[in-house]
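There are 2 protein chains.
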Amino acid sequence: MRYYPDPYKAIDLSALIDAVKAAFRDHGTNSCQMPPKTYIDLPGGDFRTMPAYVPGLKSAGVKIVNVHPDNHQHQLPTVMALTILLDPQTGEPTAILNATALTDLRTGASAAVATEALASGKGGDVGLIGAGRQAAAGLRAIAKVYNILGVKVWSRNEHNAEKFAAAFPSYDIRVSNLKAAADAEVLLTTTPSRYPLVQDDWISDGTHINAIGADAPGKQELDPRILARSQIFVDDITQAVHSGEVNVPLQKGLLLQGDISGTLGEVIIGRKRRETPEEITIFDSTGIAITDLAIASLAQTYSTYIDLPFNL
Amino acid sequence: MRYYPDPYKAIDLSALIDAVKAAFRDHGTNSCQMPPKTYIDLPGGDFRTMPAYVPGLKSAGVKIVNVHPDNHQHQLPTVMALTILLDPQTGEPTAILNATALTDLRTGASAAVATEALASGKGGDVGLIGAGRQAAAGLRAIAKVYNILGVKVWSRNEHNAEKFAAAFPSYDIRVSNLKAAADAEVLLTTTPSRYPLVQDDWISDGTHINAIGADAPGKQELDPRILARSQIFVDDITQAVHSGEVNVPLQKGLLLQGDISGTLGEVIIGRKRRETPEEITIFDSTGIAITDLAIASLAQTYSTYIDLPFNL
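Chains A and B, in that order, are what the protein sequence lines are.
Start counting at 1 in the first sequence, then tack on 624, and there's your number in my numbering.
Start counting at 1 in the second sequence, then tack on 624, and there's your number in my numbering.
A couple of the hints might just be wrong.
Copies of the same chain are indistinguishable here, so a pair counts whether it falls within one copy or spans any two.
Unchecked claim - Dumping the calculated DMTMM-like pairs for lysine to aspartate or glutamate here, alpha-carbon to alpha-carbon at most 20 Å:
| hint | residue 1 | residue 2 |
| --- | --- | --- |
| 1 | LYS803 | GLU786 |
| 2 | LYS746 | ASP642 |
| 3 | LYS787 | ASP824 |
| 4 | LYS633 | GLU899 |
| 5 | LYS682 | ASP665 |
| 6 | LYS682 | ASP694 |
| 7 | LYS896 | ASP824 |
| 8 | LYS896 | ASP931 |
| 9 | LYS682 | GLU740 |
| 10 | LYS633 | ASP825 |
| 11 | LYS843 | ASP694 |
| 12 | LYS682 | GLU903 |
| 13 | LYS682 | ASP670 |
| 14 | LYS633 | GLU890 |
| 15 | LYS876 | ASP824 |
| 16 | LYS768 | ASP796 |
| 17 | LYS746 | GLU902 |
| 18 | LYS746 | GLU903 |
These are calculated hints, taken from the structure and not from any lab test.
The shape of chain A in the complex, shown without the other chains (with noise of 0.2 Å):
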């Protein structure tokens, strides 16, 4: 059994958002078993278990991943993950993984397939809602698949704001308020928020936004009539329903789950698509454990490792 504890650092980007989009490609199709997320509460957060098994990648195995929002102050991140992987076949354990800056990636490489399958353009401003780790994952793969012309970063602590656009020197990029960082092609939402932070006529037609931030019940983003007039893709409707976006607008019935267009995954393999240039696109993202697996297989090629002993 191999334990990988840095398996971010080798991995090539590039690779990494073909490996989470054939990991939608395998969702639209229905080529694996994903139940949904299992939630358990704990004092200062939760923590929840993603099962999942991938046959064409011949990978089984579950993410453990936790959100406990006051981590800063025992010196934490908020979010941390293992990875366990199993051989389909015989069902050893052969792998554990950190999987803290992983699922950052994973989330990011999402993004970036979402905005390469959905954005009106192919190239434009991006707009980030939030400036930590999730902004940063997401700004550096959508820079794969799209021209990125300006970034526009927002962050509820300007500091952050201002931290962050020094770390990316080679974008033209400026700290703005929150109206200005939502007028941009493509959005990346990666707060925390309860309440709508971005409103309605804030957003121009044809914006794609990759909603990231909501991903547990009552947490949401975007003002209820953006996606009330826009076509909404989730990576997992289950997911979504429970903890996505679209969760508080369905609870409180401003939206219809009939609304939701469809997954990702249906987009990848050419089922939906956006059908105008002016309409606006939202990929609702929750997480899903089939790109966990995905990049988890992916990181094993390239990583270094120790070797645990297996007693049986």
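Starting from the known structure of chain A, fit chain B onto it as the hints suggest.
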């Protein structure tokens, strides 16, 4: 983060039984979070994901365990397992335990807890239907709480029963046919059978049966008529209905969910009990995640470990 390669080695059996009993008490008082196991089908078997949180133990985590019946062809056990523990306060993964042998130990300990709580007397013969790892762990654990006068062991493969008997020279132990093995004050059934092995007219009044083998839909070891005339206590209602000894009779309408007397947890807290010396009691065990957490927490206090870097 610590990896425990052989946490079963140094564990104290009486402490283990106490820990498992405490977990059942927490289950009886509803002082835990434990969603039902999630099953994923694999080519040669399946794997189960078992998350839980026990506030009283300050323990949160997940057991991942496979069942691949043909693994002997690969010189591997049918069942292998890992348990991952998290710090409930921060969600940080703190320990990974090889839980393969621990799983046998906790299953054996659960049978001991049930036997102590439900057997008609304090001592008698023990009948073993099945002579594998779970039978060995169950016998050792039951011996801690019950005065074993004699042991009768049956296996489909008589050679296995002989090997089993030879491994327990300190007991008055005999290899028996199925009917004779079933004639005992305490029964322990641990086979992967998919049809009833133990017939109704072989079972005397006052017998206590630990029904361990059935842990997936379609599995059963006991004639449903035994269940119909017994007090049945399950480890967890949802899991038992899905995959315990009761699952096939319920499916066929030979048993109603209302015929289940309660949970072992309710027995441990004194809310339910054996009512008369003559009645037959059945403990229907599917294996519950909180007992895995309990023994993982205990094993940490005894066992050696390997320190693993968990880079953030």
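Hint check:
no.: 1; hint: LYS803 x GLU786; in the structure: within (17 Å within a copy, 78 Å between copies)
no.: 2; hint: LYS746 x ASP642; in the structure: within (18 Å within a copy, 64 Å between copies)
no.: 3; hint: LYS787 x ASP824; in the structure: neither (28 Å within a copy, 74 Å between copies)
no.: 4; hint: LYS633 x GLU899; in the structure: neither (38 Å within a copy, 63 Å between copies)
no.: 5; hint: LYS682 x ASP665; in the structure: between (32 Å within a copy, 13 Å between copies)
no.: 6; hint: LYS682 x ASP694; in the structure: between (37 Å within a copy, 18 Å between copies)
no.: 7; hint: LYS896 x ASP824; in the structure: neither (25 Å within a copy, 58 Å between copies)
no.: 8; hint: LYS896 x ASP931; in the structure: neither (44 Å within a copy, 48 Å between copies)
no.: 9; hint: LYS682 x GLU740; in the structure: neither (27 Å within a copy, 45 Å between copies)
no.: 10; hint: LYS633 x ASP825; in the structure: neither (41 Å within a copy, 65 Å between copies)
no.: 11; hint: LYS843 x ASP694; in the structure: within (16 Å within a copy, 46 Å between copies)
no.: 12; hint: LYS682 x GLU903; in the structure: neither (38 Å within a copy, 50 Å between copies)
no.: 13; hint: LYS682 x ASP670; in the structure: between (30 Å within a copy, 14 Å between copies)
no.: 14; hint: LYS633 x GLU890; in the structure: neither (31 Å within a copy, 50 Å between copies)
no.: 15; hint: LYS876 x ASP824; in the structure: within (17 Å within a copy, 55 Å between copies)
no.: 16; hint: LYS768 x ASP796; in the structure: within (16 Å within a copy, 72 Å between copies)
no.: 17; hint: LYS746 x GLU902; in the structure: within (14 Å within a copy, 79 Å between copies)
no.: 18; hint: LYS746 x GLU903; in the structure: within (15 Å within a copy, 75 Å between copies)
Violated hints for the displayed structure, listed by number in ascending order: 3, 4, 7, 8, 9, 10, 12 and 14.
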